[in-house]
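Novice: Chain A is already provided as a structure; the job is to place chain B on it using the hints.
Protein chains in written order, with the numbering used here: chain A, 5 to 207; chain B, 621 to 865.
Accuracy of the hints is not assured; some may be wrong.
As the list claims (entries may be wrong) - Here are a few chain A residues that sit away from chain B, every Cβ distance over 12 Å (derived from the structure):
| # | residue |
| --- | --- |
| 1 | 6 |
| 2 | 10 |
| 3 | 13 |
| 4 | 15 |
| 5 | 81 |
| 6 | 92 |
| 7 | 159 |
| 8 | 163 |
| 9 | 169 |
As the list claims (entries may be wrong) - Okay, the calculated bits of chain A under chain B, using three or more residues with CB under 8 Å as the criterion:
| # | stretch |
| --- | --- |
| 10 | 29-43 |
| 11 | 54-61 |
| 12 | 126-135 |
| 13 | 179-186 |
None of these hints come from the bench; they were simulated from the model.
Virtual Cβ for every residue (Gly too), placed ideally from N, Cα, C.
Residues per chain are reported as follows:
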Amino acid sequence: MTPDETADRLRRALARDLDAGFAEVVRVHGDVVHSVARALTARAADAEDLAAESLLRAYRALRGYDAGRVAALAVRPWLLTIVRNAARNSARDASRRPAPPPAFDPVEPASEIAGPAQEALRADDRRQLTAALAALPEPQRSAVVLRHVVGLPTAEVAQVLGCAGGTAKSHVSRGLRRLRTLLTEPADTGAAQRVSVSGRSAP
Amino acid sequence: MNDSLLSALAGLAAPAPATLPGRVFTGWTSAPSRLGDVFVAVTAHGVQFVRPAGSADEFAAAYRDRFDRPLRRLDRLPAGVGPALRGRAGRPPLDLHALSDFERDVLAATARIPAGQTRPYGWVAREAGRPRAVRAVGTVLARNPVPLLVPCHRVVRADGAAGDYMFGPARKDALLRDEGANLDEVAALARGGVHYLASDTTGIVCFPTCRDARRITPAHRHGFPTVAAAVAAGYRPCRTCRPAA
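Looking at chain A on its own, in the form it has when it is part of the complex (with noise of 0.2 Å):
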């Protein structure tokens, strides 16, 4: 099923039945929201948070649409739409109260060790490439973890930005340029030293 064709499924299953649509929405796109939000927050916890407040959102929006807005709705970027704004909004409020200590990340499971070298993400450098994605100025981070995280093409990337075409590949590749020079600069503490993400060292 093409994306078209899946969002016209999706668009007729909520027009049907708002439950029963909802229920399809987020069995087809739970992946992407998740995988948005996990790569917007710092703790994996926090983006099962994230993913729940942003369908719930999502759902409340719904709600209050009429059956030609529902009829109208690109529906993968207007959620993502939704997970970002939430995921600004938490942030705001996060920087208002004391961060946990890092002590208490959750180890991330080992099989993320395991598997092909190619897709493997040791569980420090995911936390390398999380922390320099956080350090990102927006729109650039959001364009670049929609373009290359989930793999949204630019014009959807776009979309969800609320910018042109043009621009949003322009924020997709000076964010890319920015996370090289993040990733191979030699940081305060020097934990951020390794660069076996960064594309200029082989393992």
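Specialist: Quick look at chain B alone, frame taken from chain A:
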């Protein structure tokens, strides 16, 4: 551009945990209860909404208007919910997140009333920390999201009458009698202006439905219209049923 940064970014993708849909959807099903068949809505935190079974569409509409969350069918109830609805012991977890602090306090006080006993609305107001909010207690209990699990049928009028119930006064009367409440005796006492019973052997004054009050033998039993009158006569309020002044 197929470099290792891009594959590392792609490696950040993390499928949704199996628990995610349960954090978004509320499960609902029907179950037998002391009120006949009821519809029950359950979130990841606990039971959120109980209403008599009827039209599923009406139940869903009432649920969504109140809680604004999507519903999906549940295969079976979480452990403990079924027995509690049928009147067996046990207190399954409740999801009262959508309520105000006052509403939660009212339901918490109501949940402490033992089976077969009753308390007036004013008692609940005092126990909830807002002694003057008697009418507000009535309003909260009239829309109790979890009847039976929070036994709002055990809250009665100060004059001894059973008062209203969300499913009708007859149901309230039947539930209380089924629990062994001495409703006829309480009504007879109320007609004589007696709302509290004291024992001259223990020197304690109780609500007439209190387990301790029901053990007082007629020779040692004294009725009072108010707790203040009993206190003036030298009695102290029971620490179990905590009669209000």
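Novice: A separate judgement is required for each hint: does it hold in the structure or not?
Specialist: Now the hints, each set against the structure:
{"no.": "1", "hint": "6", "in the structure": "holds, 21 Å"}
{"no.": "2", "hint": "10", "in the structure": "holds, 17 Å"}
{"no.": "3", "hint": "13", "in the structure": "holds, 18 Å"}
{"no.": "4", "hint": "15", "in the structure": "holds, 16 Å"}
{"no.": "5", "hint": "81", "in the structure": "holds, 17 Å"}
{"no.": "6", "hint": "92", "in the structure": "holds, 18 Å"}
{"no.": "7", "hint": "159", "in the structure": "holds, 18 Å"}
{"no.": "8", "hint": "163", "in the structure": "holds, 20 Å"}
{"no.": "9", "hint": "169", "in the structure": "holds, 18 Å"}
{"no.": "10", "hint": "29-43", "in the structure": "holds (count 9)"}
{"no.": "11", "hint": "54-61", "in the structure": "holds (count 4)"}
{"no.": "12", "hint": "126-135", "in the structure": "holds (count 4)"}
{"no.": "13", "hint": "179-186", "in the structure": "holds (count 3)"}
Of the hints listed earlier, there is not a single one the structure fails to meet.
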